[in-house]
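Remember, this note's numbering sits 79 above the position in the sequence shown when you count from 1.
Please keep in mind that the hints were generated in silico from the structure rather than gathered at the bench.
Where hints are given, some of them may not hold.
[As the list claims (entries may be wrong)] Have a look at the derived ranges for each label pair, beta carbon to beta carbon:
(1) Gly528 / Arg141: 49 to 57 Å
(2) Ala463 / Arg427: 34 to 42 Å
(3) Asp133 / Pro450: 29 to 37 Å
(4) Ala367 / Gln95: 33 to 41 Å
(5) Ala415 / Arg141: 18 to 26 Å
(6) Asn148 / Ser120: 33 to 41 Å
(7) Gln366 / Pro526: 17 to 25 Å
(8) Pro409 / Thr132: 40 to 48 Å
(9) Ala418 / Gly494: 51 to 59 Å
(10) Val457 / Ala415: 41 to 49 Å
(11) Ser554 / Asp133: 17 to 25 Å
Heads up, the beta-carbon is just placed ideally off N, CA and C, and yes, glycines get one too.
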Amino acid sequence: MSSLTDAQPWTSGAHQAVFAIRSGHLKAVDYVTALLARAESYSSLHAFITLETDSALAAASRIDALTDNERARYPLAGLPIAVKANINVAGTRTCAGTPALAGFIASTTAPTVTRLVDAGAIVLGKTNMHELAVGITSTNFSAHAGPVRNPYDRAKIPGGSSGGTAAALAARIVAAGLGTDTGGSTRIPAALTGTAGLRPSVGNGGAERRYRNGQEVLPISHTRDTAGPMARTVADLALLDGIATGDTTLPQIELTRLRIGLPRECWRQLDSALEATAHAARERLEQAGVTFVDVEMAELMSISDRISLPIAFTELRDDVPAWLAANSAPVRTLEAVAARIASPDVRRIYDAALAGAFAEGYPDAMRVLRPELQRRYVSIFEAAGLDALLFPTTPLPAVDIDDTAGSSVVTIGNGAPVDEMAAYLRHTDPASIAGLPGLSLPAGLTPTGLPVGIEIDGPLGSDRHLLAIGIAFESVLGALPPPC
80 MSSLTDAQPW
90 TSGAHQAVFA
100 IRSGHLKAVD
110 YVTALLARAE
120 SYSSLHAFIT
130 LETDSALAAA
140 SRIDALTDNE
150 RARYPLAGLP
160 IAVKANINVA
170 GTRTCAGTPA
180 LAGFIASTTA
190 PTVTRLVDAG
200 AIVLGKTNMH
210 ELAVGITSTN
220 FSAHAGPVRN
230 PYDRAKIPGG
240 SSGGTAAALA
250 ARIVAAGLGT
260 DTGGSTRIPA
270 ALTGTAGLRP
280 SVGNGGAERR
290 YRNGQEVLPI
300 SHTRDTAGPM
310 ARTVADLALL
320 DGIATGDTTL
330 PQIELTRLRI
340 GLPRECWRQL
350 DSALEATAHA
360 ARERLEQAGV
370 TFVDVEMAEL
380 MSISDRISLP
390 IAFTELRDDV
400 PAWLAANSAP
410 VRTLEAVAAR
420 IASPDVRRIY
430 DAALAGAFAE
440 GYPDAMRVLR
450 PELQRRYVSI
460 FEAAGLDALL
470 FPTTPLPAVD
480 IDDTAGSSVV
490 TIGNGAPVDE
500 MAAYLRHTDP
510 ASIAGLPGLS
520 LPAGLTPTGL
530 PVGIEIDGPL
540 GSDRHLLAIG
550 IAFESVLGAL
560 PPPC
């Protein structure tokens with residue numbers, strides 16, 4: 080075996096692992112075996128709902144049986160990935176972490192997964208999540224799931240709803256995976272676990288939608304939902320995104336030519352430890368030559384606040400039953416799903432959606448306010464000649480797991496208690512509603528060892544430019560030390 084295998088192969092990033100397998104220096108079976116063993120040893124994190132042991136080893140054997148020339152044709156040859164449990168992979172459970180779907184086996188595979196697997200990736204398992212993706216803690220009360228724990232501090236949340244994928248990445252169980260993002264569900268867990276997460280462009284759902292998975296991903300809102308890659312580095316995000324979309328271009332980035340907007344509203348009312356870490360990262364980028372420009376987004380964020388819930392709550396009522404029918408799920412109505420919800424915070428949201436909460440605001444949100452939100456973003460980028468916006472992904476680091484309600488209230492600094500979900504979504508939600516791409520990458524650790532993420536949002540369709548900026552920032556900020 081190569082030194083890569085001998086020296087704990089789980090420490091490798093996706094690029095390193097694929098290179099070692101394609102070049103014949105690492106057997107895919109050995110790599111998968113090592114990661115499956117690591118997943119078992121870290122089972123108390125509840126990162127995975129299902130490990131696909133037999134199929135993963137069989138796929139690895141097929142990779143190893145190829146000739147060197149054949150294996151070289153697969154850009155992800157032998158790379159194990161984690162897939163969130165609300166994304167279809169044929170023959171595996173798409174349970175979305177909820178009891179009503181606990182035994183549901185998908186018969187189709189999401190196109191994004193298909194593209195990765197066709198490139199040689201191996202689905203190691205289906206990852207845990209906030210039940211039905213309706214939350215940001217991943218504290219799941221379902222008996223088959225359990226609360227996901229943050230590898231940097233197991234008493235704390237990993238963020239959500241893609242918390243299982245993020246925890247698996249941070250714990251070095253996998254180097255890459257897939258989550259989904261409605262209002263921050265790839266980026267929030269990335270920020271809280273010291274990993275990287277991309278929310279791809281969605282726009283108005285037409286040709287500008289970067290990831291198309293249709294009825295192969297259990298939804299919340301067709302206007303806002305998207306699958307998205309997650310990894311430990313932005314470079315590995317770019318690898319997955321390129322395979323998933325066929326767009327592999329990465330522009331050259333000169334830090335000294337970048338103009339990055341700093342939304343004042345996202346640099347205020349922050350946890351003091353997080354603020355210090357985020358400011359230190361910003362200063363290092365400034366010293367490397369990045370030009371920062373203050374921008375105002377108060378009115379934009381006010382519009383976002385007004386339309387976030389009307390869109391999500393109203394579309395959930397139609398989109399979930401449509402998915403249940405299209406996938407021949409064991410239950411077919413929203414009421415049947417809601418009746419068996421295990422997590423108290425999720426039950427409250429589903430009850431409110433069933434009661435039609437915020438529905439009266441939906442038509443105005445879609446016809447008037449969301450287009451206005453999009454126009455304001457365009458104006459901000461164009462007026463100041465900005466490449467992107469930069470801010471702390473979340474206003475506070477990971478908090479303790481709430482094993483009573485799943486999520487309740489938090490305090491930021493000496494402020495008054497605020498709704499936990501609203502607090503964590505404060506920075507990630509606006510661009511999500513507008514359909515813009517966003518990327519979270521590690522900024523550093525607080526004095527108590529908790530990861531802090533910074534986010535860069537870009538104009539619609541700027542995904543690869545955003546990833547290139549993230550890679551350049553990553554070269555300045557460096558990688559975080561792994562959790563103990």
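Right, here's what the structure says about each hint:
Judged by the Cβ atoms, the range 49 to 57 Å given for Gly528 and Arg141 is violated: they are separated by roughly 41 Å. Ala463 and Arg427 have their C-beta atoms about 40 Å apart, which keeps the hinted 34 to 42 Å range intact. The given range of 29 to 37 Å is broken by Asp133 and Pro450, whose C-beta atoms sit roughly 49 Å from each other. In this structure the hint that Ala367 and Gln95 lie 33 to 41 Å apart at CB is violated, the actual value being about 25 Å.
Checked against the given bound of 18 to 26 Å, the beta carbons of Ala415 and Arg141, roughly 39 Å apart, lie outside it. Checked against the hint of 33 to 41 Å, the pair Asn148 and Ser120 passes, with Cβ atoms roughly 36 Å apart. The hinted range of 17 to 25 Å is satisfied by Gln366 and Pro526, whose Cβ atoms lie roughly 22 Å apart. Here the CB-CB span from Pro409 to Thr132 is close to 24 Å, at odds with the stated 40 to 48 Å.
A beta carbon spacing of about 37 Å between Ala418 and Gly494 contradicts the range 51 to 59 Å that was offered as a hint. Separation of Val457 from Ala415 is about 42 Å and conforms to the stated range, judged on CB atoms against 41 to 49 Å. Between Ser554 and Asp133, the C-beta spacing of about 40 Å breaks the proposed range 17 to 25 Å.
Hints 1, 3, 4, 5, 8, 9, 11, counting from the list given before, are not met by this structure.
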